[in-house]
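J.: Chain by chain, the residues run as shown.
Protein chains: 2
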Amino acid sequence: MAGHSAGTEIERLIQLLSRLPGLGPRSARRAALQLLGKKETLMRPLADALQDAADHVLTCTTCGNLDTTDPCSICADGRRDKGVICVVEQVADLWALERAGANSGQYHVLGGTLSALDGVGPDDLNISGLVTRVSGSDVREVVLALNATVDGQATAHYITDQLEGSGANVSQVAHGVPVGGELDYLDDGTLAAAMKARRPF
Amino acid sequence: MAGHSAGTEIERLIQLLSRLPGLGPRSARRAALQLLGKKETLMRPLADALQDAADHVLTCTTCGNLDTTDPCSICADGRRDKGVICVVEQVADLWALERAGANSGQYHVLGGTLSALDGVGPDDLNISGLVTRVSGSDVREVVLALNATVDGQATAHYITDQLEGSGANVSQVAHGVPVGGELDYLDDGTLAAAMKARRPF
Ligand SMILES: [Zn+2]
Ligand SMILES: [Zn+2]
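If you're matching them up, the sequences are chains A and B in order. Per my numbering: the first sequence = residues 473 to 673. Per my numbering: the second sequence = residues 473 to 673.
These are computed hints drawn from the structure, not numbers from a lab. No false leads were slipped in.
Chain B is nowhere near these chain A residues, computed Cβ spacing over 12 Å in every case:
hint, residue
1, GLY593
2, ASP595
3, ASN598
4, ASP610
5, ARG612
6, ALA620
7, HIS629
8, GLN634
9, SER643
10, THR662
Covered stretches of chain A, going by a simulated chain B footprint (3 or more residues, C-beta under 8 Å):
hint, segment
11, 485-491
12, 530-544
Computed far set for chain A versus chain B, every beta-carbon distance over 10 Å:
hint, residue
13, ASP590
14, ASP596
15, ALA646
16, GLY652
Each residue gets a CB set at the ideal place from its N, CA and C atoms; glycine is no exception.
Okay, chain A solo, but in the shape it has when bound (with noise of 0.2 Å):
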């Protein structure tokens, strides 16, 4: 905290702000400073923003992406392959494979990984929407583009399970991906690479 001699109004502030990930108090306090000494051209622009975002962002119901329409834009782009579903744990990973140009097909959004440890199960993912999605469809293709964990490998395991008898090939992002490594980390190159690269699972 700022200290009693910062206002409530800027405590909650603060507070707040280091509850984003990457911000400490330290850096909250900082970024407090920052924020009031650019009310215009900042701070209100971000609230008005995060408002914004607030009421207008929704998660696609057919993938799982974040946008403002649903179906995605993704979902909804003519231009796409609708024969290849790319398989990701999480929106970041998506954008990261957009930034890349890596897919020109579709998604799907797990919305993380199997994991023992903290008792994610199947049914705490959006697994049974993929297969639905595959189920008697032209999915040709589904791409697992999970990370190159234990929890990210297994999961891949799990799903190639499930798609079994479902029509589609299940192939894999390359791994020219360091082992124990995360997806949204790399740099666009790796990640075309191991998309380019892909082999049956």
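Knowing the structure of chain A, use the given hints to seat chain B with the ligands on it.
T.: Same frame as chain A, now just chain B with the ligands:
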């Protein structure tokens, strides 16, 4: 940016978040996703807190502190020693000294330091306001709590010259502070000790 897959509202939010100190583009994206996942418990409260602080936080016309009242709660506090003014560069330094409980007197926020390199002269800082506050007042001591940097120390010398003949003694926090270090980074104990061991300048 999130890429063309995310709505304009998300792009705008990420762009504004990335302007906060300590948040680059990647951590701004993570922060946006965290906020979108906690719309009611974090995102809307943060929007409200930003709006509230933008509406209600003022700069104290006496000392330069930020608060919801002018004069600020420190200037208005009758229990604090009116005979001592502690001079700091930034509000963040004032907050640090308050957290340390290192000053029972008043404050004066300069808004920076003299800097030939950055073209900051005496008129760009709240130095004349300090001279006015001290002249013909009951202030018996001005404690300089400026950073132990070249610019901080040049500013300390300049202020000491300006206050000559004002009747107030000018002291400076002890340099237990690492040379080249910044006040806002220090732990409370070091700050309190440096304050206690202040000496005539
Ligand atoms: Zn979608
Ligand atoms: Zn004040």
